[in-house]
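Chain order of the listed sequences is D and A.
With our numbering as the guide, the letters of the first sequence map in order to residues 1 to 203.
With our numbering as the guide, the letters of the second sequence map in order to residues 204 to 432.
Derived by calculation from the structure, the hints in this document are not laboratory data.
Mixed in with the good hints there might be a few duds.
[Unchecked claim] In the EDC-like style, the derived pairs of lysine to aspartate or glutamate whose C-alpha atoms are separated by at most 16 Å in a straight line are: (1) D/Lys39 x D/Glu123; (2) A/Lys313 x D/Glu137; (3) A/Lys313 x D/Glu155; (4) A/Lys322 x A/Asp357; (5) A/Lys322 x A/Asp334; (6) D/Lys135 x D/Glu123.
Bear in mind the structure is a predicted one, so any value in this text is a computation, not a measurement.
Chain by chain, the residues run as shown.
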Amino acid sequence: MSTELIGAYRPGTTLLHRIPAGPKLALVAAWSMLVVLTKGWQAAAACLVVALLIAAWARLGLRRTLKAARGLLIMLAIVSVFQIWQRGWEVAVAVTGDLLALFVVALAFTATTPVDGLLTAIERGLQPFRPIGVKPERVALAFSLVLSSLPRLLEIAKETRSAAKARGLERSPRALLVPFAIRSVAGALETGAALHARGLGDD
Amino acid sequence: MIEFRAASVVVDTPQGPLTVLEPTTLTLTEQRIGIIGANGSGKSTLARLINGLADVTDGQVLVDGVDVAEDGRAVRRRVGFVFSQPDAQLVMPTVAEDVTLSLRRTIRDKAERRRQAEKVLERIGLADRADVSVHALSGGQKQLLALAGVLATDPAVVVADEPTTLLDLRNTAEVANQLFAMPQQLVLVTHDLDLAQRCDRVLVVNDAAVVFDGPAANAIAHYRALVTS
């Protein structure tokens with residue numbers, strides 16, 4: 001997956017851009033339920049076609065979408081081969097189609113929704129839970145951190161791979177995983193300190 | 204005004220207690236304060252105490268009379284902090300969104316937050332990058348954005364912990380010019396002696412203690428003597 005696209009809002013004037021973040025988030029949730037609950041390869045294929053139309057409507061661009069989905073496509077290719085071997089091509093199409101349909105719509109959502117708007121929507125939606133101890137600001141912040149940490153983790157993975165390669169250790173899982181885990185945790189601690197310094201989470 | 208009243212920091216290690224900062228008493232009223240010293244000497248700890256990122260073991264640190272240990276939240280509203288690694292500080296996907304995040308506590312209206320963010324980005328020279336992904340920025344631009352996120356809340360003091368360490372000459376000059384042009388009081392931890400030279404007062408930290416406190420030229424001479432002795 002590309003670090004340039006995931007979680008990045010791209011300004012625009014499409015109807016998708018204009019739908020407020022709250023209702024749009026509810027639509028994405030409903031879409032996810034629909035994709036998961038409908039069975040069969042025909043339904044998965046139809047969902048994928050609809051998802052691609054939504055992506056085109058959001059003006060995501062085929063090249064950038066493919067670039068963003070590169071990692072997922074490789075993983076899905078492996079999963080598909082396994083599914084065809086174990087359970088037949090119908091199941092493979094159903095699984096792959098469902099996952100891609102969810103991914104593409106999630107991509108369209110993040111590309112057309114400013115995170116600031118998303119945070120406000122989450123904060124507003126969680127207000128009723130405040131009396132039972134839920135802190136909407138913190139949940140919203142955690143949500144945005146998940147979105148923003150993806151590109152950072154991918155960057156760390158890329159750098160770790162390059163460092164292992166430079167030392168001739170590109171085939172060593174230990175040389176890849178240990179530094180990746182350590183740097184990811186260190187990065188999370190630094191981000192925590194930075195949020196603390198900015199007074200976020202104080203309220 | 205920043206006050207250290209016999210502030211000390213001791214941390215527990217497997218080898219036993221380790222003093223990170225000896226009891227330190229200082230009153231910092233100058234507009235530009237530099238902190239220089241070798242790696243691991245305690246200068247970052249000294250800076251982090253001002254914002255509550257590190258806690259004193261004994262003594263007190265006060266900002267405008269407010270004890271950091273007693274009301275860290277109030278102090279953090281007055282003290283902004285810039286790290287050497289901007290990637291850790293930038294938590295939102297786009298430039299403008301990262302600045303508006305700082306404003307969420309104080310401005311409820313979304314459009315007003317965006318307007319304020321644009322004003323700060325204009326001031327810092329990043330207005331044309333407002334809707335760009337933070338990952339598409341250069342190192343210098345990321346550091347300027349981190350500074351913009353801090354300045355958006357209009358703090359009285361900005362503490363910058365080696366903000367130019369990862370930058371090339373041109374970006375160092377750009378970030379430094381922004382830091383020294385701010386109306387806020389600046390506490391600058393740095394290895395760059397040219398930047399330290401521009402400060403009104405410089406503290407030299409060595410082996411967990413402030414060993415010199417005075418005008419920049421004298422402090423730099425003291426530091427040079429220290430590292431070459």
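Status of the hints after comparison with the structure:
no. : hint                : in the structure
1   : D/Lys39 x D/Glu123  : violated, 34 Å
2   : A/Lys313 x D/Glu137 : holds, 15 Å
3   : A/Lys313 x D/Glu155 : violated, 31 Å
4   : A/Lys322 x A/Asp357 : holds, 12 Å
5   : A/Lys322 x A/Asp334 : holds, 14 Å
6   : D/Lys135 x D/Glu123 : holds, 8 Å
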